[in-house]
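Protein chains in written order, with the working numbering: chain S, 1 to 128; chain U, 1 to 402.
Mixed in with the good hints, there may be bad ones.
The calculated DSSO-like cross-link candidates involving lysine-lysine, where the alpha carbons are at most 27 Å apart (straight line), are [stated by the list, open to error]: (1) U:Lys110 to S:Lys75; (2) U:Lys68 to S:Lys75; (3) U:Lys271 to U:Lys186; (4) S:Lys75 to U:Lys100; (5) U:Lys129 to S:Lys41; (6) U:Lys106 to S:Lys75; (7) U:Lys324 to U:Lys89; (8) U:Lys208 to U:Lys271; (9) U:Lys390 to S:Lys61; (10) U:Lys194 to U:Lys390; (11) U:Lys271 to U:Lys256; (12) S:Lys106 to U:Lys31; (13) S:Lys61 to U:Lys52; (14) S:Lys75 to S:Lys111; (15) S:Lys74 to U:Lys31; (16) S:Lys74 to U:Lys337; (17) S:Lys75 to U:Lys71; (18) S:Lys75 to U:Lys52; (19) S:Lys78 to U:Lys52; (20) S:Lys61 to U:Lys194; (21) U:Lys390 to U:Lys337; (22) S:Lys74 to U:Lys110; (23) U:Lys106 to S:Lys74; (24) U:Lys52 to S:Lys111; (25) U:Lys68 to S:Lys78; (26) S:Lys41 to U:Lys358; (27) S:Lys74 to U:Lys68; (28) S:Lys74 to U:Lys71; (29) S:Lys74 to U:Lys100; (30) S:Lys61 to U:Lys31.
Treat the hints as calculated values from the structure; they're not laboratory data.
The structure displayed is predicted, hence computed values, not measured ones.
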Amino acid sequence: MIELHGRIVKRGAAEGIALVSNEPIGFYGNIDPDTGIVIEKGHPLEGQCIAGKVLVFPTGKGSTVGSYTMYRLKKNGKAPIAIINEESEPIIAVGAIISDIPLVDKVDISKIRTGDKVKIDGEVVRIE
Amino acid sequence: MNLTKEEQKMLDGEYGEGVQKAMEIIVALGKIYGAENLVEVASVQVAGVSYKNLGDAGIEFLEEWASKGAKVKVPTTLNPAGMDLDDWKSIGFAEEFADKQLEVIKAFSKMGIPPTCTCTPYLAGNIPKFGDHIAWAESSAVSFANSVIGARTNREGGPSAIAAAVTGRTANFGYHLDENRVATFKIIVEADMKDTSDFGALGYWTGKQLRNKVPFFVGIKHATTDCLKSLGAASAASGGIALYHIENITAEARAKAMLSDDHETVTFTDKEKRDVFEAIGFSESEIDLVVFGCPHASLEEVRTIAERVKGKKLKAMLWITTSKQVKSMAERMGLVKDIEDAGGYIIADMCAVVAPVKSFGFKNIAVNSGKYAWYLPNQGFNVRFGSTEKCIEAAITGRWEP
């Protein structure tokens, strides 16, 4: 088991399977808010569903409307259960807060692989 | 981060969930940008108002936040919507869109935010003082407040501006701090600068050159408020510039030295100006829509256009977007009638950048705004960018003469 420490952006606890992207993610226009499927052409997660996953990616990108897309995903039951970033930026941070999705950043995400079982509790991230 | 007792109480939820959520946003942004503390804000400008951008998720979010007790505690104004809130029907907006747009406005009203619906709040009663900390969204208004007035704001987003209005605070980083307000680029302006569109072209060019750095302009001898509004809007759109200084003209530059000793220098001549105007264009010369008022037209701008089109029958559609205040005064002065008789409209409350312009079937658009000239091509329109006079001619003749 590996234990990593990050910084709380949106406090919370969650446990689930990691889905890791080594590329930034922009929610608006790149993720279908009704299905949770990544629709951005050429993105490493293209075609994959983020619903119920611990979504791990370096940072956010794209339109500020992305915060509202995260909220819509949550309302549709298609949001990730938690997010881990290398460095959060305002779109993802605000989106996580308004959607009640636990968010930790300042984490060395190279230690996490897609399929890992990840437990988040406050600033602590445990990989089992 | 150091929070006062009061701020900590907000974060702990003692003032309810709506306030708590707002404080969580402010604190999270402060953390991300390394702020040591929060500052009280004198006023807020909220953006993210058009239903076209917000969608149903946005409405749901605003309503939920309002129902959880999010109420603004400092003077707050609202950005433009996607239509005229009163005269949308006669101008031709679809009822379905109008219903949704009015729902958005209602949600903001529940939070205590009046439907001012203008991107020029400084022309409509929201006027901060020199040195005030404020939290404004709307990039052109941010630029005006920082640069022309010398108030202090970062480029806020929709939710973060609301959060600042609800808590009365913003995190102390970026343009709130002295060290980030000093220019690192000197721009020598040699071009002939008269019309607002000349300043729009300068802004367009500056934003592309500098991205989001702070420029210090020299060589501009005279600039009206309308010219400064145009300059800031264009440079904020093409590059993300939140603050500029003009020697002997803008507030901070008149008060103290605002150019870093360690700076780069570039020059803007008539050639660069011409290149900006000419880089935007298309092969046909027909124009079917001319838009003025990006940012929202001042009364002077409305008057200039109205006097030129009075008694004429326009070949192209003419839209002047502005605030409700200016439209009311224009109405009282008979200018609305002059423009409507010629076949055009003065549209209050609306921003053409976020309005469903496509649904009107327009294709070839002429503008005198550097900001609108920046956004339009990406929205699939053919665009001409030129002087106010040239745009008025285009409205009258329906053609763009080289």
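Hints and how they fare:
no. : hint                 : verdict
1   : U:Lys110 to S:Lys75  : holds, 21 Å
2   : U:Lys68 to S:Lys75   : holds, 17 Å
3   : U:Lys271 to U:Lys186 : holds, 18 Å
4   : S:Lys75 to U:Lys100  : holds, 19 Å
5   : U:Lys129 to S:Lys41  : violated, 47 Å
6   : U:Lys106 to S:Lys75  : holds, 21 Å
7   : U:Lys324 to U:Lys89  : holds, 16 Å
8   : U:Lys208 to U:Lys271 : holds, 16 Å
9   : U:Lys390 to S:Lys61  : violated, 39 Å
10  : U:Lys194 to U:Lys390 : holds, 14 Å
11  : U:Lys271 to U:Lys256 : violated, 32 Å
12  : S:Lys106 to U:Lys31  : holds, 11 Å
13  : S:Lys61 to U:Lys52   : holds, 21 Å
14  : S:Lys75 to S:Lys111  : violated, 31 Å
15  : S:Lys74 to U:Lys31   : holds, 24 Å
16  : S:Lys74 to U:Lys337  : violated, 49 Å
17  : S:Lys75 to U:Lys71   : holds, 23 Å
18  : S:Lys75 to U:Lys52   : holds, 19 Å
19  : S:Lys78 to U:Lys52   : holds, 22 Å
20  : S:Lys61 to U:Lys194  : violated, 38 Å
21  : U:Lys390 to U:Lys337 : holds, 22 Å
22  : S:Lys74 to U:Lys110  : holds, 23 Å
23  : U:Lys106 to S:Lys74  : holds, 23 Å
24  : U:Lys52 to S:Lys111  : violated, 40 Å
25  : U:Lys68 to S:Lys78   : holds, 23 Å
26  : S:Lys41 to U:Lys358  : holds, 25 Å
27  : S:Lys74 to U:Lys68   : holds, 18 Å
28  : S:Lys74 to U:Lys71   : holds, 24 Å
29  : S:Lys74 to U:Lys100  : holds, 21 Å
30  : S:Lys61 to U:Lys31   : holds, 18 Å
This entry does not satisfy hints 5, 9, 11, 14, 16, 20, 24, going by the numbered hints stated previously.
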